[in-house]
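The lines below spell out each chain.
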Amino acid sequence: MQAIRVENLSKTFRVKKKEKGMAGSIKAILHPQTEKIQAVNGVSFQVEEGEMLAFIGPNGAGKSTTIKMLTGILYPDGGRVEVLGIDPTKKRKQLAYQIGTVFGQKEQLWTHLTPYDNFRFFGAIYDLSEREAEVRIEELAKRFELGTFIDTPVRNLSLGQRIRCEIVASLIHKPKVLFLDEPTIGLDPVVKENIRSLIMQMNREEHTTIFLTSHDVGDIEKLCRRIIIVNAGQIVLDDSMKKLKEHYLQGKGVEDSAASDVSLEDIIMDVYKAEGRTAAV
Amino acid sequence: MLTAVKNQLRVCLLSLKYNIMREMVNKVTFLTNVCFMVLNNAALLVQWFILFRLREDVGGYTLREIMLLWGLTAASFGLSHILFARVFSLSELIIKGKLDAYLVQPKNVLVSVITSSTDISAIGDLLYGVALACACSPGIGGFFLFLLFTVTGTIVFTAFALLIGSLSFWFLRMDMLENQAVMGMISFATYPDGIFQGISRFLLYYIIPVGMAVWHPVHMINSFHAGTLFTVLGYALLLLTAAVCVFYRGLRKYSSGNLMTARM
Amino acid sequence: MRKYMVIYRSVLLENLQYAANVAMGFLGYFVFIFIFVKLWGYMYRTPEELIAGYTKEQMIWYVMMTEMLFFGSNAASVAREVAGDIRGGNIAYLMNRPYHYTLYILAKYTGEWSVRLPMYVALAVVIGMVMVGPLPHFRLTAVWAMALCVILGLTINAVFKMCISLFSFWIEDATPFQWLYDKLILVVGILFPVEIFPQTLQPLLKLTPIYTVCYGPAKLIVDFSPEKCLEILVVQILYLMVGCEMMFLIYRKGVKKLYVNGG
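Chains as they are written, first to last, in my numbering: chain S, 1 to 281; chain A, 282 to 545; chain E, 546 to 808.
20 angstroms max Cα-Cα, derived PhoX-like pairs, lysine-lysine:
1. A/Lys379 / S/Lys106
2. A/Lys534 / S/Lys93
3. S/Lys93 / A/Lys287
4. S/Lys176 / S/Lys93
5. E/Lys751 / E/Lys728
6. A/Lys379 / S/Lys93
7. A/Lys388 / S/Lys93
8. S/Lys252 / S/Lys273
9. A/Lys377 / A/Lys534
10. A/Lys298 / A/Lys388
11. S/Lys90 / A/Lys388
12. S/Lys91 / S/Lys176
13. A/Lys388 / S/Lys176
It should be emphasised that the hints constitute simulated quantities derived from the structure, not laboratory data. This structure is a prediction, so every number in the text was calculated from the model and none was measured.
Generate the whole structure from the sequences, applying the supplied hints.
Have a look at this one:
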């Protein structure tokens, strides 16, 4: 079964234009000018259940906007979205029970509470009974090794510990799809590696579909079997990790792909440069 | 349906508990905040002692009615800022794209958002309001009416703020207007309606609904009138429905943090 | 002195940008004045009646002037900034700069109200002319003296608010004390002139900062007399000296405490 189906998805934002300085401000009040920004422009793709997908692109390419439409945060202007067979615009709440989200730069935890109290709160949000929550917290705490700091207020935790807690909080209700928006941002290499292996484990043991955006090539390489690159609101590449290198070199006219030494980073950079900057924000 | 309501309530109560816990970390600060708010409100009674030295009535109100008016305004303001504090900064949340976290939760967005913070000093307002009402010795019936109108007043204040705040989905710069509109409403609500005549009186009863929130109720605690009671209840319900509709209509235009980044 | 001028000027320019935002504050001012026009309209039974020696026009103009000072100065920003610096730990950097922290804040604040206040003056004049009518016996020639009193009054107010905020060195949240100070000023200074209070209280009220911060300047605008002006100026200068001395003292003690506790 397909976990995510997206057809011809679009979203535009209207942005008020304002010239610099006092005169500009006055002008903006008297005669406001708006500019359309096409954040997502006719995007279509599908994700199988249990897949691990990297959804990447340069800043302002439309990654976050797409994720937000998939999770029901933003309302699309055009096209269709189905996550686990549910339309996020129509049955947002029903969908919310089945998906989890981690936004690396935005915190959903209460900082003055301990991770344990936070998890209890999220348990209540997802209608878990006290007993169910207890069992699930214990299970996740063991797996994510939270034992030593589960009773320390979140504001006293290190960034790595916090991110682990953020991920646990979003897994409390056993989501079928997990959306990760730059989960390893700002972390040191050891913690990054630790987070990655935990995500791998989740995928293996609970068959969770992983939808990941990241600027970190390591994340993508280690975690994902498929990659979608968006730029200027459109998909410019959708390929399996295995075939990516081969297809890329064929496109370049290189016959013997095995002999050529090209890294994923080179390919991504090349795709960004070729397609991007035409509609730079 | 009933379990959904129960579950929602469970989250709201937990949220309230955690909010108060956060403030209770420093008990001294917590207590001074609450006590000083009571003193702060009480200080304004001086104004009325002065005015009643000049005339026996102000806008048709005796000192007792002024105290009821203040009690009701303080209690409604307090209750709305304890339970629904976030509604009063809704504009900011919308403009800065801070609704995301609530939109991915399987709960009612609006309820989750507005119950997500608590204004601690508002406890002082609520206590002051109730104390002032008791000081007027309204009798058992009067006191129950006072409590009922505290609830309707809370609904009117909250719905009004929600309505204005929700306009931020369409217009920028509503954050300042929201603040001004709510503060303006509170200002009007602490003066007797008798001093306003003509158009301003009409506006204050129906458009900026001060009359529905406090003036009608004060008159009714003095001499009950069933018709007016239904007007107040009906109005509160209508305003709330309208505000909720506008919020959900606007939510479709919600732009998350994307506008922020685009604007830079 | 020059460095404080530079601070003043840079903030002045920055704040010109925010002129549009201030327009919103006008609405709040208008609401207050509207209520008071209606309130005094009710309290005065006949147009000729005098209350505490004030005609209806003078009474309304009085509250318009005090509210104008209150809205136009936005002294809450001083309180917020100082409390924020101390609680946020920023103070550790600011106090080692080659200027005195408290004077830096004062210069900055003066730059802020230099933009705000003139706008409120213009607004007050327009509202007053339309809703109340011109102020009887206004002495245009004495405007400079009134302006001097206003400047001194606002500065004294800022000094007092800063003193309260400086308590943040010792207590976690000084805001509740700010509320109380503000309410005192509001009830005893902004809403009514001192003459309206019982005879026995009046001498007492004249000893409080209200007399110099609020009542003094507004009284001079509404009902100017050279003797009154001299009296108020003398009291203001005394208050400013005592207030500054107090501010420096609290600041010194606070900084010492900070050093002892290592920030």
